[in-house]
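A.B. asks: Residues per chain, in single letters:
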Amino acid sequence: MLLPSILAAEAGGQGRFELEAGTVGEALRALPVENMLFDEHGELRRLVNVYVDGVDIRGGDGVESALAGGEELRVVQAVAGGRPSRHHT
Amino acid sequence: MSVTLLIGTRKGLFQLQSDDRRSWKLEGPTLEGWDVLHAIVDSRDGTLYTAANTYPYGGTVQRSADMGKTWERAEDIGLPEESGLKLEKTWHVRPGREPGEVWLGAAPGALLRSTDGGKTFASVASLTQHETRDRWEPGAGGMCCHSIQLDAEDPDRMYVAISAAGSFRSDDGAETWTPINKNVAADFMAEKYPEVGQCVHKLLAHPAKTERLWQQNHCGVYRSDDRGDNWERLDGNGLPSGFGFPIMLHPRDPDTAWVIPENADLNRVTAEVRLGVYRTKDAGESWELTANGLPDQAWTGVLREASSFDSADPVGLYFGTQGGSVWVSPNEGDEWIEAASNLPPILSVEAHWQE
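Chains A and B, in that order, give the protein sequences. Each residue of the first sequence is one higher than the one before, starting from 1 at the first, in the working numbering. Each residue of the second sequence is one higher than the one before, starting from 1001 at the first, in the working numbering.
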């Protein structure tokens, strides 16, 4: 499991974790920054993206996505800003 | 005398330290990457609390027992599922009266209370479920509960202010809340003087004359002499504008206060193309510009949490701008000194003063 810098700082400076978990959600909840990833109602925050071997979990079963073992999970915070380009004729 | 200024910015927390309020030493930042909307030292035990936020990971309270060298994040903080609300941002921390008690103002329109020194926070249901809540609307900064004031004499009395819900008083230890918005304008609403819905920007209770409250509102500057039951509008008598965010009080002279007006809600820069602090010494009957040392040409702003004052004699005044400057007056506004510049946009300023 790889964490971005601000989460790594909150995890005591550790940005890489080796975890045993059956699902993505179990893996995330095992982290010391669980309450930054999930809101108070237990939902993964909207601007937190999680990739399993490069694939966004929201395209699959979300936090219920099963893990077989050996996967690389990466937490990536959404980047907001800018405007879509517009073509004028 | 020793003053530590806690400077919350969009890029973490800075500290400025001085023994004479004229020369300042800058330290920090800590909490890098966090928006620090407010920071305050609990004078009871020296714990430093911050209302700290990040846009992807939400808001929390970070606390430090060693003035920012190390931090601990609140373990359990949020709004109950049955409320249908989720914590959006943390705004304001106020150390309480009971041992371990810490109050937290938050968006959307929420007050939370900790009884364990900031480890966990629980929502105050009497406010989040207030009978007038369906008439509350978020201001431009969200529906923020930004002012929490504890009555200096009555242990059961406290005040909160929410944009744009208005001001509320509890006389029974936060069990019930009375809207206190009489004669306070809401020019942006169809009903100009509603029971609730006012966009109060900052509310302060006077520490010595406890029945006196001051507020800088979206629609004017106001004073109450009866704990908020009635308000008198105070602008138009020397102030260039009624719009602004911060307000500072003289802790011993209840008739003296300072505000920093801005042009208007749709043109949020300091009034009259300058950085000016306006002082009243007669409870708002008249205002005078205090600008000795301040730039006479400026287009900046000072946010609602970005001013503070100490209890020394003469009183020290402090504020920070969105342009990253910290200004200090060691003598009640007669003279201004730039204590720091080119910081990130400043969200909050709080003075921690020790004799």
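No lab work stands behind these hints, which were simulated from the structure alone. Where hints are given, some of them may not hold.
For lysine to aspartate or glutamate, the following EDC-like pairs were computed, each having C-alpha atoms within a straight-line distance of at most 16 Å [what the hints assert, rightly or not]:
#, chain 1, residue 1, chain 2, residue 2
1, B, LYS1119, A, GLU43
2, B, LYS1086, A, GLU71
3, B, LYS1209, B, GLU1153
4, B, LYS1182, B, ASP1172
5, B, LYS1182, B, GLU1153
6, B, LYS1086, A, GLU26
7, B, LYS1119, B, GLU1153
8, B, LYS1209, B, ASP1154
9, B, LYS1209, B, GLU1195
10, B, LYS1209, B, ASP1282
11, B, LYS1086, A, GLU20
12, B, LYS1209, B, ASP1226
A.B. asks: Against each hint, give a clear statement of whether it holds in the structure.
C.D. replies: Hint by hint, here is what the structure shows:
1. The suggested pairing of B/LYS1119 with A/GLU43 is violated, with an alpha-carbon distance near 21 Å, which exceeds 16 Å.
2. The suggested pairing of B/LYS1086 with A/GLU71 is violated, with an alpha-carbon distance near 32 Å, which exceeds 16 Å.
3. Using a Cα cut-off of 16 Å, the hinted pair B/LYS1209 and B/GLU1153 holds, with the two alpha carbons roughly 10 Å apart.
4. Distance check on the hinted pair: B/LYS1182 and B/ASP1172 sit about 21 Å apart at the alpha-carbon level, beyond 16 Å; violated.
5. Note on B/LYS1182 and B/GLU1153: the hinted pairing is violated, with a Cα-Cα distance of about 24 Å set against a maximum of 16 Å.
6. Of the supplied pair hints, the one linking B/LYS1086 and A/GLU26 is violated, its CA atoms being roughly 22 Å apart against a limit of 16 Å.
7. With a CA separation close to 27 Å, the supplied pair B/LYS1119 and B/GLU1153 exceeds the 16 Å bound.
8. Taking the CA atoms of B/LYS1209 and B/ASP1154, the gap is about 12 Å. The hint holds against a cut of 16 Å.
9. For the suggested pair B/LYS1209 and B/GLU1195, the alpha carbons sit about 25 Å apart, so the restraint of at most 16 Å is broken.
10. As the CA atoms of B/LYS1209 and B/ASP1282 are separated by approximately 14 Å, the hinted pair is consistent with the 16 Å bound.
11. With a C-alpha separation of about 30 Å, the suggested pair B/LYS1086 and A/GLU20 falls outside the 16 Å cut-off, and the hint is violated.
12. At most 16 Å may separate the alpha-carbon atoms for a hinted pair to count; B/LYS1209 and B/ASP1226 meet this at roughly 10 Å.
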